Amino acid sequence: MTITLDAPRLVKTKALLSIRNVSKSYGSVAAVRDVSATAYPGEVLGIVGESGSGKSTLLRMMNLEEIPDCGDYTLDLPEVSGNLFELDRFERRMLCAKRIGIVYQNPHLGLLMDHTSSGNVAERLLVAGERRFGELRARAQEALAASEFPLDRLDDPPRDLSGGMQQRVQLAKAIALEPALLLLDEPTTGLDVSVQALVLDTLKRLQQERQITMVLVSHDLGVIRTLADRVMVMRRGQVVEAGLVDQIFQDPQHPYTQQLVHAKL
Amino acid sequence: MSVVLEVQRLTKGFTMHHLNSHLAAFSDVSFDLHAGEFLLLKGHNGAGKSTLLRTLYRSYLAQSGQALFHSQYGVIDLLRAADVDLALLRRSEIGFVTQFLVARPRVSAEALVAEPLRRAGRDAASAREEARHWLNAFGVKQSLWRAYPTTFSGGEQQKVNLARALILPQKLLLLDEPTASLDAGARAALVARLAELKSNGTAMIGVFHHPDDVAHLIDRVIDLTP
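For the record, the sequence lines run as chains E and G.
If you're matching positions, the first sequence starts at 1 in the numbering used here and goes up one per residue.
If you're matching positions, the second sequence starts at 1001 in the numbering used here and goes up one per residue.
In isolation and in its complexed conformation, chain G is listed as follows:
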């Protein structure tokens, strides 16, 4: 399988200016990831699992190292790519599934879910159609599709979040505890969707509190415990 990501000696820490201190998260992490591969990140709380995902997604800036991503446009170092280049990759090739939905005032569940397709250039009607399909697949009741998720319960928000994050197949998918606060039905739908994406070549890096759900998908484990 073709390589998707080559991470070399990745190091990240946080400088807290008001405390005049530096907090190390992890250092010298190296691994390769291939198309269709599923990598599980292990380690106790605070070992830097989520931090690693966010550093690759560039919500966090790395201290040193390299993360060569093999994009359709060519090979690029995610740690050093210009902001606009990263924004482009996030629209088309790199997805991030978090535990939390970022709802916006006055935006319906189906519009939120359709957004990644719209940004990728899909027309409004077909994007909405597909958004409904995924809301249904994750078990969001039809009566809620046009409602604003700001007031949904945690579990329902998470379903909307997953539908949105997984609607557009990506080359690289970063998963930060997506099963948190999900009921059994939604968990099954999530695992099925991940398996489908994986078999179509999406490479994944995941953090799971209870990896049993996805045990059959895991190809490799990296332990971040220092």
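The shape of chain E in the complex, shown without the other chains:
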């Protein structure tokens, strides 16, 4: 038997993100079963698991795109209170626009492919209420520069860009408003290794410089190991194990986690 851990005693700050006991079924399929998660300010929480484990569904709940059958969700932010799953559509949209950024594996989900790249980023600022053209353009540029997007391609539509570039536009859009929470759904899957390294490096730098709290979903254990502080392992809609990233990789406890770690190249 292994020791069970205590609740936090030294860390007095409240978790930025708390999800409690969420479940979601699609017909007879239970996608997420009684999952709870927390992320502390400035922390990177990794979620690993195979396809169909419910990890992306959970992330979409954090972005309020998906409302669970039961459970609640709070963010410890000024002017944000109560169970966020109970917000109406407009309130949800405003909260996501202002406080939460997301990068999808598939850029089509996050970008308007025929608009300019800078326009895609500016759109985010518009939704949040910025109306001055000069300000929009300047802040869109700044966010794209922070994501290491080549500025001579500001006006190219994402349709004409490579996969790695499209991810940068998504990232710029996600960070344009300095979100309190950045959600990443397989942000580097399908990219060349060199481009993957660039995106990871950019994320790491943003995390260190801006202390953005991140939740990162990936089936790539290398990506998780590089970025995450803590990890949750999901299987069939449930969390089978959670811990510090080095502990999960070096001393996995659950049979499924052991399989997963031993299968890594």
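Hint data in this document are derived by calculation from the structure and do not stem from the laboratory.
Some hints here could point you the wrong way.
With a straight-line cut-off of 20 Å between C-alpha atoms, the simulated EDC-like cross-links for lysine to aspartate or glutamate are [said to hold, decoys possible]:
(1) 204/E - 1213/G
(2) 98/E - 114/E
(3) 1171/G - 1006/G
(4) 98/E - 88/E
(5) 1171/G - 1032/G
(6) 12/E - 1077/G
(7) 1198/G - 1219/G
(8) 1042/G - 1196/G
(9) 204/E - 1006/G
Just so you know, these numbers come straight off a predicted model, no measurement behind them.
We have chain E; now place chain G onto it with these hints.
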């Protein structure tokens, strides 16, 4: 000297589910460690020396026992502390020096070394300045400071690793064969830095294949051979 760590009846083993078996590492280890004390772990290969260090650092989860750490925030059991509490202690009070550098793609040697200072809240310029000082002290050539250590030789990587691990003075330092693959100059720099940290009150637990280098620092030896 004030006590830093009280380890009582610490037991660790590994359950290997795919083999349906349990492997015992060590059991019922107890000791106290005080500020400025240097404890050497002895025992043949497989006796559980590295495992003990990793269990205290919580890369491994213990089976039973207690490890009370006297942190600036109060006394806490390292074996049971919440993950976020442990992450906090690793940033500020507990260091771990391994034999291997974990390099990241596209991160320069000096940025890697400066990272612990940055995490502790130091500004970028002064952190970089101090990182360079330690790279120099461990004998890494200036032309390599801004290069990516991924492609460095084993010895050069280890120097970067040591500079990074020892840049920020900690209350408790765990050393897992830090002298492996080091040349004489770097070994001397390491021993000098350890002596300096020790005299400033850092408590240390170390595993050394050739403890002669640090013989003059050792206060106590624990033999893990069953």
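Results for each hint:
1. 204/E - 1213/G: violated (37 Å)
2. 98/E - 114/E: Since the Cα atoms of residue 98/E and residue 114/E sit roughly 24 Å apart, the hinted pair is violated (cutoff 20 Å).
3. 1171/G - 1006/G: Cα-Cα ~14 Å, so holds.
4. 98/E - 88/E: Within the cut-off at roughly 16 Å; holds.
5. 1171/G - 1032/G: holds (14 Å)
6. 12/E - 1077/G: holds (17 Å)
7. 1198/G - 1219/G: Between residue 1198/G and residue 1219/G the Cα gap is close to 11 Å, so the pair holds against 20 Å.
8. 1042/G - 1196/G: The hint is violated at about 23 Å.
9. 204/E - 1006/G: Violated, because 36 Å separates the two Cα atoms, which is more than 20 Å.
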